[in-house]
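Residue numbers for the sequence shown follow this note's numbering, so the first one is 1141 and each next one is one higher.
Rather than coming from a laboratory, the hints here were simulated on the basis of the structure.
Check each hint, because a few of them may be wrong.
Capping the alpha-carbon separation at 25 Å, the derived lysine-lysine pairs in BS3-like fashion look like this [as the list claims (entries may be wrong)]:
1) K1196 <-> K1151
2) K1196 <-> K1159
3) K1159 <-> K1208
4) K1208 <-> K1196
Being a predicted model, the structure only gives us computed values, none of them experimental.
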Amino acid sequence: MDFGRAFTFFKDDDRWMTKIGIGGVVTLLSIFLLGIPAILLVGYQLAVTRQVMNGKELPLPEWDDWGKLFMDGLYLIIAILVYTLPLWLLFCIGFGVTFLPAIGAGNDDLAAALGGV
1141 MDFGRAFTFF
1151 KDDDRWMTKI
1161 GIGGVVTLLS
1171 IFLLGIPAIL
1181 LVGYQLAVTR
1191 QVMNGKELPL
1201 PEWDDWGKLF
1211 MDGLYLIIAI
1221 LVYTLPLWLL
1231 FCIGFGVTFL
1241 PAIGAGNDDL
1251 AAALGGV
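Go ahead and model the full structure; you've got the sequences and the hints to work with.
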C-alpha cells in the first residue's frame, strides 16, 4: 500500500487547485458561520471516499451539488454521533463521579480550581 499516494493523488486532477481552493474557502466560512459549512466538507470527503472505493480516483468530485454534499455530510455526522454516544455517556458518568463530589464538598478553593477544568 502506497501511503504517500493518499497525500498526492489529488494533484493528478487537472482542476485540483480550483477544487481545493473551494474547499479552503468553505473552511474559512466555517469559522464565521458557526461551523455549518463544515458539513459540506464532510459531504465532499464522503464523495471522495466513495469514488476511491469504486476504483475511480480521478477526477476529484465537482462542487456542483451542494445540497447533496450538505445532506450526505449531515447524515455522516449524525451517524458518527450515534456511534460515539456510548463513549460520550461513559465520559459524562466518569466526569460526574470524579468531579461532582469534589465540587459539592464545600471547599471553595477546590471548586474554583476545578472551575477551570
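Verification of the supplied hints:
1. Between the alpha carbons of K1196 and K1151 the distance comes to roughly 15 Å, so the proposed pair stays at or under 25 Å and holds.
2. A threshold of 25 Å between alpha carbons decides the hint, and for K1196 with K1159 the separation of about 17 Å falls inside it, so the pair holds.
3. With a C-alpha separation of about 17 Å, the suggested pair K1159 and K1208 falls inside the 25 Å cut-off, and the hint holds.
4. As the CA atoms of K1208 and K1196 are separated by approximately 19 Å, the hinted pair is consistent with the 25 Å bound.
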